[in-house]
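First to last, the sequence lines map onto chains E and H.
Using UniProt numbering, you'd call the opening residue of the first sequence number 1 and step up by one each time.
Using UniProt numbering, you'd call the opening residue of the second sequence number 1 and step up by one each time.
Calculated directly from the structure, the hints in this document are not laboratory data.
Everything numeric in this text was worked out from a predicted model, so none of it was measured.
Heads up, the beta-carbon is just placed ideally off N, CA and C, and yes, glycines get one too.
All the pointers check out, no bait thrown in.
Some chain H residues close to chain E (C-beta under 8 Å, calculated; not the full set):
#1 Ala133
#2 Arg294
#3 Asp663
#4 Asp722
List time: in silico DSS-like cross-link candidates among lysine-lysine, alpha-carbon distance up to 30 Å:
#5 E:Lys83 with H:Lys668
#6 E:Lys2 with H:Lys258
#7 H:Lys73 with E:Lys2
#8 E:Lys2 with H:Lys145
#9 E:Lys95 with H:Lys668
#10 H:Lys668 with H:Lys461
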Amino acid sequence: MKASAFAYARATSVANALEMLTTYGERAKVLSGGQSLLPAMNLRLVAPELIVDIGELTELRGVAVKGEVLTIGALTRHADLLKSREVAAHAPLLKDAVAHIAHPAIRNRGTIGGSLAHADPASELPACMLTLGATIIARGPGGERRIAANEFFVGIYETALTPQELLVAVELPVTPKNSTHFFHEFARRHGDYAIVGLAAQASIRDGRFADLRLGFFAVGDRPLLAESASKLVDVAITPAVLIEAASALDDELDPLEDQQATPAMRRHLAKVLLARCVSLLLARPDLGAGAPA
Amino acid sequence: MTSERENPQTLSALDRPNSYIGKTVPRPNLDRLMQGRGLYVSDIELPRMAHAVFLRSPHAHARIVGIETSAAKQMPGVIAVVSGRELSTVVTPWVGVLSHLKGLKSAPQSAIAVDRVCWQGEAVAAVVAASRAQAEDAAEHVLVKYEELHAVTDMRTALDPATPVIHASLGDNLAFERIHDAGAVDLAFAESDEVVEAEFVFGRHTGVTLEPRAVVADWNAAEARLTIYQGTQAPHMVQNIAALHLCLKESQVRVVCKDVGGSFGIKVHIYADEMATYALSKLLRRPVKFVADRVESFNTDIHARDHRCKGKIGVKRDGTIMAFEIDDLTGIGPYSMYPRTSAIEANQVVNLVGGPYVTGNYRARARVVFQNKNVMCQYRAVGHPIACSVTEGLVDLAAMKIAMDPVEIRRRNLIADDAYPCASPSGLRFERLSHHAALAKLVQMMDYDALRAEQAALRVKNIHRGIGIASFIEVTNPSAAFYGVGGAKISSQDGVAVRLDAQGSVICQTSITEQGQGSESLTAQIVGSVLGVSMDRVRVMLGDTDNTPYGGGTWASRGAGIGGEAALQATKVLRKNVLDVASAILQSVPGELDIVNNAVVNVVDGAPRIDLSELARIVYFRPDTLPPGVQPELMATRHFVPREYPFAFTNGVQASWLELDLDTGFVKLLKHWVVEDCGTIINPQLVDEQIRGGVVQGLGAALFEKCVYDERGQLTNANMADYLVPMSGEMPDIDVGHVVSPTLESELGAKGAGEAGTAGAAAAVTNAVNDALRPFGTIITEIPLTPQVILTALRRI
Ligand SMILES: Cc1cc2nc3c(=O)[nH]c(=O)nc-3n(C[C@H](O)[C@H](O)[C@H](O)COP(=O)(O)OP(=O)(O)OC[C@H]3O[C@@H](n4cnc5c(N)ncnc54)[C@H](O)[C@@H]3O)c2cc1C
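Generate coordinates for the entire structure from the input sequences, incorporating the hints supplied.
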């Protein structure tokens, strides 16, 4: 469980990091919080020739609000997000989500940029990006690129980033005042990756959803912004409507099998989450008991 | 969390002023460990020390066609690349059998596989290099050509004629079979009003120690002596076996065992890679370190509990249990583990089923089969969780069938507290147990009736909670009946030497070992109390075959009961010797003097007569001033082994209170209670910690832990992300209560407490889940109780 030999460089600036990434391409790996990269290296699942440590690029760390946009630097730690007043005020969903990521020791090191670039389909933050309509900002040899979250995640551990690019920040529209959210995941133990999770943002008018965005995770090879949510918008929700939405959701899911759950179980739990989410957001306990079949 | 206990009955030598017995005192080794000054094997660095890495088989069963090492040998830092055949010139193979387990057979096992690998993870070559990283780099360049063989993985078909035999020389895949028949089972079932059957399935799991297995072997060619630094529970056993297979005399092997980061039975065995490390040191004439990494720990640390057990119970409508019958099947991997064998677990299941209950009608069969998976052997509470889950599961099923409360059916069938001594249907002898007192105490601690009322009230609100009860017995303080009688050179006696130093402090050497249980603490408590000195004056040394008396070590819940008694007896002798000298110095008689608080005092008025430091000064530096003919002996040694009973049985009962989410299959543990009876309690905190830690391992088995193999014999979750150990976030508060029935085998009266928690926890949880499931017409008799298992049982997926 020792990584194979590698060279190490601490980037002195974004430009310096990009220079090295351009030279080494796929043979280099960016080191951010190291919470996913180092275990993989120690298990010899990856063996980069060069590690580009971006840990000292303080310009990549921090949360700022400008107008209607919340900008989060790639190097912002999970623990920073949890403590940030800006996040609590303008993206409260994110705060709830981060509390489910691993344990304090890992949250103290792991970063949002690392989590998004790593693109584990069971991760909380990628789904939140979809739900919140984030824009991911990457810088590469050709300059800056702005990538919509729904185009960023392309497969298991796969993103739209090229090996020469550095994820530098994400931008989120600040959550509207009358908006509300739901975050829940099923995990075997506190801090484990989710078996299935849901990050939802909604606005509610007269007991109905005026808007509903459902970002599911661990239901496929990438996070899913469920289109079936539309079945629940601008209608009076009855058990029958919920069942219909659940069955539409079922068609959108493409869950994987792993140690904790079969695809069938993931489908079932996603529907349970949907019901609980709708029930909780609309304050309708009658909708929450049991999963719609 | 609360802890309730009654005052232990005090005993003469212990019932002294300032006694530490029955008191929670801090462990003397805490500061050392908390300040990072412990000495674990990984901390040991010796001059010229090299690092061994084992190349392990990716196949469950394969012929080794060829091993190409030349490229690896050219890699930086590499000292040697050694195959099994090369190493076999240094270390001889072994066979893990014991003669008292009649018919047990196994095949010769080598330190590194020769010609054939029999499980995924078996070592095929060792790479020795200047650093672990270099050895791992080089290991990637060792090319092994395998020819895959059929892997026998399913224990249910291992004995089928169509299944290939793993070791041709053995004739079949049956390692061991035991049949037991007591009373009149058929008649009893015929006379029962109800007969209930179920198959209980247990997930194969392992005891994940914080510190992995680790060894530094240092062959000193000039002295012709091997020093082994190893985290082991049984240093003298390691000494004996290393000597035997390296063709040395025991006097040529020293085993040093400093701090150990958890063992749980994992570190009481002889592992092939550890033997290989000793042999590599001898071969290369230099110190060699091997520290298992987490992946190889999962693949090579013994696994346990892979059982499928069919059970049957007969019951009268009045609740009388008429008979138990079981048919147990277990797969142990390709070899019986050395030297304790892999038949003990199944043997224990046969021994223990039905143990708490009166009925004498009991029939059992246990079959132990070979398969191409990692080896299985003894892990904390060997066989107990299986026997307890089967017994208590059957008792609850019977109660359900006749609509009787689970507490009530136990009250009607547990052996009466005044019926001792008596024996179990499997022939185990009980000196004194306290099932009814323990159950009564449990019912009161958990407020059983109120809990039942709460459960009923919540059901109406669609909240489904369950209560599960499990009575148990636990084997502790084993005599030679465990291993010695079967021919194993595993000592069942332990020894303690105590001596007064020149300033009146005590140096104590004991043959029991410390892996976190508090052996050091309890020994110091006993020595301090019996001698009459404060604990800070007692220094306890353990884990060194050159410097401690000969003994078994710490396993099978024996350290306190056996090693503690040896400490008590040795200290009594030292005390007498000190008082003899004191009476000579003071011109008094021994009967008029006592030792209290580090000084010799008058018995009558407690007046101090002479400090121990002054006495020691006279003895060591001015013996010329002593009366003629007085030869002080300020060192004493005593050994102890129980002789009357082969085992000191303990008993207890556990309860679980949990909530089941019907939509998700998740179980939330709300509370857990244990009442147990380990006889004299030396240190209440240590006992409660043992119970709680044991319960947590049992809860891990109940809900989380399982080594998942695929049909080709590949372990698919050999990492801490996929193999789920129980973590604090999911653990309930665990309340512990005690009943105290000291054993009369020893003056100390202590029985063991190390495994009671693990013995009954899973049974209590399973019973509670089934209690919660009661309205839904389904029963689950499989652990771990994962959401997948529960949702499937509820037909939700
Ligand atoms: C025990 C444990 C439990 C965990 N549980 C969870 C969990 O429940 N949920 C969860 O979401 N995560 C979990 N994680 C992962 C954790 O959140 C990581 O922090 C995160 O996935 C990666 O962030 P990092 O900063 O550590 O990235 P690193 O490990 O440093 O990097 C991860 C990958 O992203 C690339 N990368 C990093 N930064 C950039 C960048 N700016 N631009 C381009 N590429 C980049 C790296 O090259 C690497 O390939 C867990 C980790 C551990 C060890």
